[in-house]
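Read off the chains here:
Protein chains: 2
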Amino acid sequence: MPDKFPLAVIGTVAIDEVETPFGKREKAFGGSASYFSYAASFFSPVSVVAVVGKDFPAEFLNILKERPIDLSHLEKSDGKTFFWRGRYRYDMNAAETLETQLNVLTEFNPKLRFSSPPEFVFLANIDPTLQEKVLNQAAKPRTRFVACDTMNYWIENKRPELLKVLARVDGIVINENEARELAGEPSLIRAAQKIHGWGPSKVIIKKGEHGVILFDEGKFFILPAYPLESVFDPTGAGDTFAGALMGYLAKTGDFGFENLKKAVAYGTIVASFTVEDFSLDRLQRLETREIEERLGIFRKICSF
Amino acid sequence: MPDKFPLAVIGTVAIDEVETPFGKREKAFGGSASYFSYAASFFSPVSVVAVVGKDFPAEFLNILKERPIDLSHLEKSDGKTFFWRGRYRYDMNAAETLETQLNVLTEFNPKLRFSSPPEFVFLANIDPTLQEKVLNQAAKPRTRFVACDTMNYWIENKRPELLKVLARVDGIVINENEARELAGEPSLIRAAQKIHGWGPSKVIIKKGEHGVILFDEGKFFILPAYPLESVFDPTGAGDTFAGALMGYLAKTGDFGFENLKKAVAYGTIVASFTVEDFSLDRLQRLETREIEERLGIFRKICSF
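Residue numbers (our numbering), protein chains in the order written: chain A, 6 to 309; chain B, 6 to 309.
I should point out that these hints are in silico values taken from the structure, not numbers from a laboratory.
Source: prediction; values computed, not measured.
Keep in mind that the hints are not guaranteed to be accurate.
Said to hold, decoys possible - Calculated cross-link-like contacts (lysine-lysine; reagent style DSS-like; alpha-carbon spacing at most 25 Å): (1) A/K199 with B/K85; (2) A/K305 with B/K85; (3) B/K9 with B/K32; (4) B/K70 with A/K267; (5) A/K305 with A/K145.
As the list claims (entries may be wrong) - Residues of chain B placed beyond 12 Å of chain A at every Cβ, according to the derived structure: (6) P62; (7) D96; (8) E101; (9) L103; (10) D175; (11) E190; (12) P229.
A virtual CB, placed ideally from N, CA and C, is assigned to each residue, including glycine.
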């Protein structure tokens, strides 16, 4: 394990209960920071800033520990771990949230104690107030590139706080419907331009099975999703995408447009594995060779 | 005007009434064969097999006559022209049909009298019984490549007739929801494989603003839509796509996989112009130079 981490993520490490048309898992390892860090670890060491409760299973932590993932910023609090219960029906693009228990997340007060601060930081989908706390501690110029995610709940209930975060990040990775809602614009292209106007120079809009759009100060790039015969469980696809993307940026140290396109392609490919099984199961069996193979196939599928 | 037409389309030449969030047009030139032939004419001469009523405006016909479009198979019948009234709301991907009057289409009995039969034939979205009549007259080997379109109405009400057509065509160009319904398969990849099993070696699935998927006997190709800031009127986008695609195939005489990919890209680009204005208005102002320019931009947007 290196003592320097080029990449850090703040987000959730969670216990999920997931039901899809293909099955149900009652105690699944989940959370944005879990998917993110596991995906990123194929490209770069990564540090997780998060909190779990006393009930958090050791075997879940061991899954992360087997990778170049630093857990020295993973707090263990009294109380229960963040819990999410959701269901997918016919349309695997839309999760139906049945229950959310914030639990230990309510009192979470992240403190960054890196001897050498990460150059790349990802603020996964959590309360913008927490995202701002991390931003305050990850001051530029030491941090070279900060990106964030968010969701409809924060857009509707903490808009001023979210806009303050947006003004300070370099990139945002966001779902298409959230982009539309945030910008108040049905057109994704105009939504991206509007969000760009609020701060982030790179706006990355995830469209699930329909792929992704990247805007980078006037230039843009569109990529379909990797075609799969069947999607087993979409949970974590977006966080996996962001993790592989940021991991690739951290590995290469380059967030220019051409390299960003490659990062988006890697994000797409690693996410296409995540959805093939419950939880992080497919990622745990994933080899770097498979990522490169699928990327090669994908290139052929998309080029004309 | 050449006396030999490498490409023919059977479909509708119609009068539309269209309402979008941006405006309304009460007497718009429409119909699948109109959009198809106009789009194809940028690449190849094309012959229209269709019927209109006595009420059909001469100025609409003049729009086609200005292009290398042969109207010698456009019948003029007693009665009124096929009429479609539709509306688009917030979601420009889904047209709401308010009224359909078949009118002269009810008695239409297409007769092909080509001295030199077209090598490429497109059976646009009409009654599969009519599609079959054309197939019976456009016998192979003289016709090298036949493709068809269809819609939910025929899938639900004339399935046996439709399956007979499918067994005899080389390609199908179909919307994603119709592909799902036809195959009884939520996964587009599996739907395409199933449809391929019923006949067509090339299955092309249109996903509107999300692009297109091409399946060609095990190989596949995915292309996003050309990104537009705003879509003014989506009517005719699918027929334009098919027209430019078939026009490019007829021009090059090559329906191998690599050339088919290019044809799909041209279809995407020409359709992106159609939706920028009502009816065929934008196509009428379109220049070949603009098609090539936008294709160049599109290539950059999609490559990584």
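Enumerated hints in conflict with the structure, sorted upward: 1, 2, 3, 4, 5, 7, 11, 12
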